[in-house]
Amino acid sequence: MVDLSINCGGIKSPNPFWLASAPPTNSAYQVCKAFEKGWGGAVWKTIGEPVMNVVNRYGSVDYNGQKILGINNIELISDRTVAVNLKEIAETKKLWPDRALIVSLMVESKRETWHDIVKRAIDTGCDGIELNYGCPHGMSERGMGAAVGQVPEYCAMITEWVTEASTIPVLVKLTPNVSDIRYPGRAAKKGGADGISLINTINTIMGVDLDTLELKPSIDGRGGHGGYAGPAVKPIALNMVSQIAIDPEIQLPISAMGGVTTWRDALEFILLGATSVQVCTAVMHYGFRIIDDMVEGMGNWMEEKGYRSLDEIRGKSLKCITDFGSLNLLYKAIARIDESKCIQCNLCTIACDDGAHQCIDVLPKDKHVNGNVLHIGQPKVREADCVGCRLCYLVCPVDGCISMVRVDDDKQSISWNELMKQLPQPLTWEALRQFQQKHGIEIH
Amino acid sequence: MTRIKQGSIQKKEPRSVIRVYPQGLRESVISFPNNTMNQQQATIESERCLQCYDSPCTVACPTHIDIPTFIGMIRSGNVIGAAEVVKTSNALANTCGKICPEEIFCQSVCTRAKQDSPIQIRELHFYATQMESRKGFSRLKVFSTIDGAVAVIGAGPAGLSCAFELTKLGHKVDVYEKDGIGGVPRNSIPSFRLANDELESDTNFLSRFFKTRKEDVNARLFEEIRHHHKAIFLAVGLGVDRPIGIPGERLKGVLPVLQFLHKAKIQPSVLSIGDRVVIIGGGNVSLDAAATAKRLGAESVVLIYRRSESEMRVWKSELNEARRQGVEIRFLTNPVAIVGKSEISGVMCRHTRLSKEKDESGRRVPVELKGSDFVIDADTVIVAIGQSVEAEWLEGFERTENGYVKVNKNFHTSVSGVFAGGDMVAGEGTIVQAVANGKQAAHTIHEHVSKKLR
Ligand SMILES: Cc1cc2nc3c(=O)[nH]c(=O)nc-3n(C[C@H](O)[C@H](O)[C@H](O)COP(=O)(O)OP(=O)(O)OC[C@H]3O[C@@H](n4cnc5c(N)ncnc54)[C@H](O)[C@@H]3O)c2cc1C
Ligand SMILES: Cc1cc2nc3c(=O)[nH]c(=O)nc-3n(C[C@H](O)[C@H](O)[C@H](O)COP(=O)(O)O)c2cc1C
Ligand code: SF4
Numbered sequence: 001m002v003d004l005s006i007n008c009g010g011i012k013s014p015n016p017f018w019l020a021s022a023p024p025t026n027s028a029y030q031v032c033k034a035f036e037k038g039w040g041g042a043v044w045k046t047i048g049e050p051v052m053n054v055v056n057r058y059g060s061v062d063y064n065g066q067k068i069l070g071i072n073n074i075e076l077i078s079d080r081t082v083a084v085n086l087k088e089i090a091e092t093k094k095l096w097p098d099r100a101l102i103v104s105l106m107v108e109s110k111r112e113t114w115h116d117i118v119k120r121a122i123d124t125g126c127d128g129i130e131l132n133y134g135c136p137h138g139m140s141e142r143g144m145g146a147a148v149g150q151v152p153e154y155c156a157m158i159t160e161w162v163t164e165a166s167t168i169p170v171l172v173k174l175t176p177n178v179s180d181i182r183y184p185g186r187a188a189k190k191g192g193a194d195g196i197s198l199i200n201t202i203n204t205i206m207g208v209d210l211d212t213l214e215l216k217p218s219i220d221g222r223g224g225h226g227g228y229a230g231p232a233v234k235p236i237a238l239n240m241v242s243q244i245a246i247d248p249e250i251q252l253p254i255s256a257m258g259g260v261t262t263w264r265d266a267l268e269f270i271l272l273g274a275t276s277v278q279v280c281t282a283v284m285h286y287g288f289r290i291i292d293d294m295v296e297g298m299g300n301w302m303e304e305k306g307y308r309s310l311d312e313i314r315g316k317s318l319k320c321i322t323d324f325g326s327l328n329l330l331y332k333a334i335a336r337i338d339e340s341k342c343i344q345c346n347l348c349t350i351a352c353d354d355g356a357h358q359c360i361d362v363l364p365k366d367k368h369v370n371g372n373v374l375h376i377g378q379p380k381v382r383e384a385d386c387v388g389c390r391l392c393y394l395v396c397p398v399d400g401c402i403s404m405v406r407v408d409d410d411k412q413s414i415s416w417n418e419l420m421k422q423l424p425q426p427l428t429w430e431a432l433r434q435f436q437q438k439h440g441i442e443i444h
Numbered sequence: 445m446t447r448i449k450q451g452s453i454q455k456k457e458p459r460s461v462i463r464v465y466p467q468g469l470r471e472s473v474i475s476f477p478n479n480t481m482n483q484q485q486a487t488i489e490s491e492r493c494l495q496c497y498d499s500p501c502t503v504a505c506p507t508h509i510d511i512p513t514f515i516g517m518i519r520s521g522n523v524i525g526a527a528e529v530v531k532t533s534n535a536l537a538n539t540c541g542k543i544c545p546e547e548i549f550c551q552s553v554c555t556r557a558k559q560d561s562p563i564q565i566r567e568l569h570f571y572a573t574q575m576e577s578r579k580g581f582s583r584l585k586v587f588s589t590i591d592g593a594v595a596v597i598g599a600g601p602a603g604l605s606c607a608f609e610l611t612k613l614g615h616k617v618d619v620y621e622k623d624g625i626g627g628v629p630r631n632s633i634p635s636f637r638l639a640n641d642e643l644e645s646d647t648n649f650l651s652r653f654f655k656t657r658k659e660d661v662n663a664r665l666f667e668e669i670r671h672h673h674k675a676i677f678l679a680v681g682l683g684v685d686r687p688i689g690i691p692g693e694r695l696k697g698v699l700p701v702l703q704f705l706h707k708a709k710i711q712p713s714v715l716s717i718g719d720r721v722v723i724i725g726g727g728n729v730s731l732d733a734a735a736t737a738k739r740l741g742a743e744s745v746v747l748i749y750r751r752s753e754s755e756m757r758v759w760k761s762e763l764n765e766a767r768r769q770g771v772e773i774r775f776l777t778n779p780v781a782i783v784g785k786s787e788i789s790g791v792m793c794r795h796t797r798l799s800k801e802k803d804e805s806g807r808r809v810p811v812e813l814k815g816s817d818f819v820i821d822a823d824t825v826i827v828a829i830g831q832s833v834e835a836e837w838l839e840g841f842e843r844t845e846n847g848y849v850k851v852n853k854n855f856h857t858s859v860s861g862v863f864a865g866g867d868m869v870a871g872e873g874t875i876v877q878a879v880a881n882g883k884q885a886a887h888t889i890h891e892h893v894s895k896k897l898r
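From first to last, the protein sequence lines are chains A and B. According to this note's numbering, the residues represented by the first sequence are 1 to 444, in order. According to this note's numbering, the residues represented by the second sequence are 445 to 898, in order.
Bear in mind the hints are in silico, worked out from the structure with no lab data behind them. Misleading hints may appear alongside valid ones.
Partial list, derived from the structure: chain A residues whose beta carbon lies under 8 angstroms from chain B [claimed, not checked]:
#1 GLU36
#2 ASP62
#3 GLN66
#4 TYR286
#5 ILE290
#6 GLU296
#7 GLU304
Derived Cβ-Cβ restraints for the label pairs, each shown as a range [to be verified]:
#8 A:GLY377 / B:VAL819: 56 to 62 angstroms
#9 A:SER340 / B:ARG768: 55 to 61 angstroms
#10 A:LYS316 / B:LEU665: 37 to 43 angstroms
#11 B:GLN559 / A:LYS119: 48 to 54 angstroms
From the derived model, a few chain A residues whose C-beta atoms are all more than 12 angstroms from chain B [claimed, not checked]:
#12 SER27
#13 GLU88
#14 GLU108
#15 GLY125
#16 ARG390
#17 LEU427
#18 LEU432
Cβ atoms here follow ideal geometry from the backbone N, Cα and C, with glycine treated the same way.
This is chain A alone, in the form it adopts within the complex:
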């Protein structure tokens, strides 16, 4: 049996899948429906100050016929009153004692205001609190959300106000709109947080309508930046999550999000250190029902690979993360084309010729079909010249046609940092060339 249950900074849930604080967690109706479908937890839509929304709140990037590669929003925190939200949270928690229910909060930066809202949240019986330091629009102009998340000192101060009043676990949700995510992360730790949630949405302008010359989306002719989420932001989120996970000063449980759409995405976050994963855009696109595949798919993968619990895999891929200076300079791989699979589209040829290192030749090969002659060019990698950049592998439309084949003898290894200790400093091109020649590395 595979065990998918988790404990994230003291918040327990039967599986690692939580709904992120966003429209899918607006109401008791939605959260109860989601729990019924099998979601392990939910972070209620952020509650707090009085707000009013505008219309045409979302924009999206579509790609090659696929809808919503990324979504951007200028929605604010919950536009329903705090009292209504807290009542529904209490009712929901009573109905679903085994799921994780977390209340997301955002109020003005006053100690008493925070103490008051934290106490009222705890009274609902919820399992934890999430502090929304992320919202990049609307709230930040009023000194909340990203305005807090971007200044580590504020971040530490408010977290401290909350943790001194709270009897339940506190997660701090970070904004990605900073140059180094570790600083707000360390500030949260300093303020006494029990865990870190990330990432909130990323500042973006979705596009310009070429007929009206207005922004997309347009609110009565005007617009501005919004927060970007969905599959497109996953690589950014993976990087930030791993940075928090490996920082020796932080060492807190992580609730990760940003583009999680399937169980595969979720596993990647867990392998990079996450304990729970949160989902918003995928649910807005396909509904709560995606949880079926998430739970099934993760369970099947674990059983197939022989893992029994998520603790066994958490952070397992972090050991691969290193800085550039520690990578092996003598590891060498080249591209190889499997001619039995090649469909002769020659996308690799053009990519290599125009965008890389000019080492794919096209060998003419004529084929007679129904009396016509087809001029087919068979691409072939000139292996001695291939620098192993991997571009052709990426553009090839056929699965398994181009592979990167290791060609070094796996006996030698030297990193840039080690090399710099061997070569005379300051480094000259001359000295570097000698090293390259010695190892048969030719630069064209």
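Please build the complex by placing chain B with the ligands on the supplied structure of chain A, with the hints as guidance.
Using the frame of chain A, we list chain B with the ligands on its own:
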């Protein structure tokens, strides 16, 4: 190391490329005929699925497979989960993945068709079960069951599905089958459409859930089975070819279609059918027989049918396939006698026209045209005008107008405690309908038996 391009920028002649698709290639590129999709094709196809909320496909599939869910699982790379979804809804998931006429079921209502073209649903579920068996790993475990209150007679699609569903409901089931398990898909459906291992991937999986005894059930055994069980599910299908009732039917060289297909599948080497084959009948079974005769080497294969093409009850894909293989189809032609001395030499036919009158099937009635007789030369005549249920031990059962075994909406026959489903109650249908019958019947049998147990 020579570098050709360094320094000298050569201007290349633009290559003129003529792309020619040999005939038939395009079609086969688009419709993955006999091959499983590869992962890339499956991913692209599953991404086309709109995941629409009402999923009409799920309603239209007689076994109600949760189609958007399993397609979503293929999209995420969870093929094991996808296989689990299809297999727990449809006991013959792999077989149906290969030969279910999706165009009259799930695919006929696909929302995506309103946008461009429908999703290749069947091909995707075939992909799921194939990938699962390639991985050789399934989380579906044998369920624990309570002792033998129910018997199933006939291990074709309906019987197998009923036994599987009953096992899921907690019953230990005794299955009786006179041949190997699999029914028509095993005995008659040509192997070029359904290979043995494709069926076996289902039957091997199902065999883990119940025991099958090799018995040809007769009146005595039937009574014995009744005595030992609280309920029986009958699913013996349509085993008997209908005689055509014209002169010459007994001549050497006249073959009933099921016999012919069975031989062609099991021992093709002992069949000698000659160069000229005539098939009588206008259904899917006739088309299978025609295509099989072609594959056995017959030079000319002529299919005769007394009505016109629009009255033919066949799947378009099969008709096209038969034509592609060179089968000649003569409409408005009625056989009146099979001619020959001891061996046959041909079929005497008469032209027909369609009258305004319609028969009970709603199709126009063919009327023979006097004086239009002609003979089609033949070495073999295959009679494919339908099958019937016949068994002396089934005599006590009430029948429908068409001679099939009569059941109520709970699949209960006129005999208490005996249920029935599949072709024997509905006439020639499809695998998926037989599977659905078996599954539904399992639930009413469960109710019946539970009441008895209480
Ligand atoms: C040539 C042909 C091609 C077809 N092609 C397709 C197709 O492509 N797609 C599709 O969906 N459907 C197709 N069908 C229809 C489909 O095969 C049937 O609808 C389906 O098999 C009916 O299932 P069943 O379980 O009712 O009966 P059967 O499949 O007939 O199974 C009955 C079983 O009962 C056993 N049995 C009979 N009598 C006894 C006895 N006395 N004791 C013990 N066991 C007994 C038989 O041996 C057999 O195994 C085709 C049918 C034919 C004839
Ligand atoms: C429409 C919308 C509204 C959101 N509202 C909130 C919010 O009120 N509070 C909050 O902490 N995050 C909010 N978020 C951010 C999400 O919780 C989440 O961090 C982000 O969408 C990344 O996850 P995803 O890629 O799964 O969507 C919102 C996101 C969207 C798309
Ligand atoms: S999704 Fe619902 S709320 Fe949003 S614009 Fe459409 S109808 Fe209105």
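Query - Consistency of the no-contact label for A:SER27, given chain B and a CB cut of 12 angstroms - result: Since the minimum Cβ distance to chain B is about 19 angstroms, A:SER27 lies beyond 12 angstroms and the statement holds.
Report task. With chain B as the partner, please determine if A:GLU36 meets the hint condition of a C-beta pair closer than 8 angstroms. Result -> Violated. Min distance 16 angstroms.
Query - Interface hint outcome for A:ILE290 [beta carbon to chain B under 8 angstroms] - result: holds (7 angstroms)
Requested in this report: Please test the hint of 37 to 43 angstroms on the beta carbon pair from A:LYS316 and B:LEU665.
Outcome: violated (60 angstroms)
Report task. With chain B as the partner, please determine if A:GLU304 meets the hint condition of a C-beta pair closer than 8 angstroms. Result -> With Cβ-Cβ at 6 angstroms, under 8 angstroms, it holds.
Query raised in the report: Was the hint right that A:TYR286 lines chain B, CB cutoff 8 angstroms?
Result: Since the shortest Cβ distance to chain B is 6 angstroms, the answer is holds.
Requested in this report: With a cut-off of 8 angstroms on the beta carbons, see whether A:ASP62 makes it to chain B.
Outcome: violated (13 angstroms)
Requested in this report: Take a look at whether the Cβ-Cβ distance between B:GLN559 and A:LYS119 falls inside 48 to 54 angstroms.
Outcome: For B:GLN559 and A:LYS119 the Cβ distance comes to about 53 angstroms; the hint holds.
Query raised in the report: Any CB of chain B closer than 8 angstroms to the CB of A:GLN66?
Result: This interface hint holds because 7 angstroms falls under the 8 angstroms limit.
**Report entry** 12 angstroms cut-off, C-beta based - A:LEU432 kept clear of every residue in chain B
**Finding:** For A:LEU432, whose nearest Cβ neighbour in chain B is about 20 angstroms away, the distance exceeds 12 angstroms, so it holds.
Query raised in the report: A:GLU88 clear of chain B by more than 12 angstroms, beta carbon to beta carbon?
Result: About 25 angstroms separates A:GLU88 from the closest Cβ of chain B, which puts it past 12 angstroms; holds.
Query raised in the report: For A:GLU108, which was marked as not at the interface, is the minimum beta-carbon distance to chain B over 12 angstroms?
Result: Holds, since 41 angstroms exceeds 12 angstroms.
Of the numbered hints given earlier, the model fails hints 1, 2, 9, 10; all others are met.
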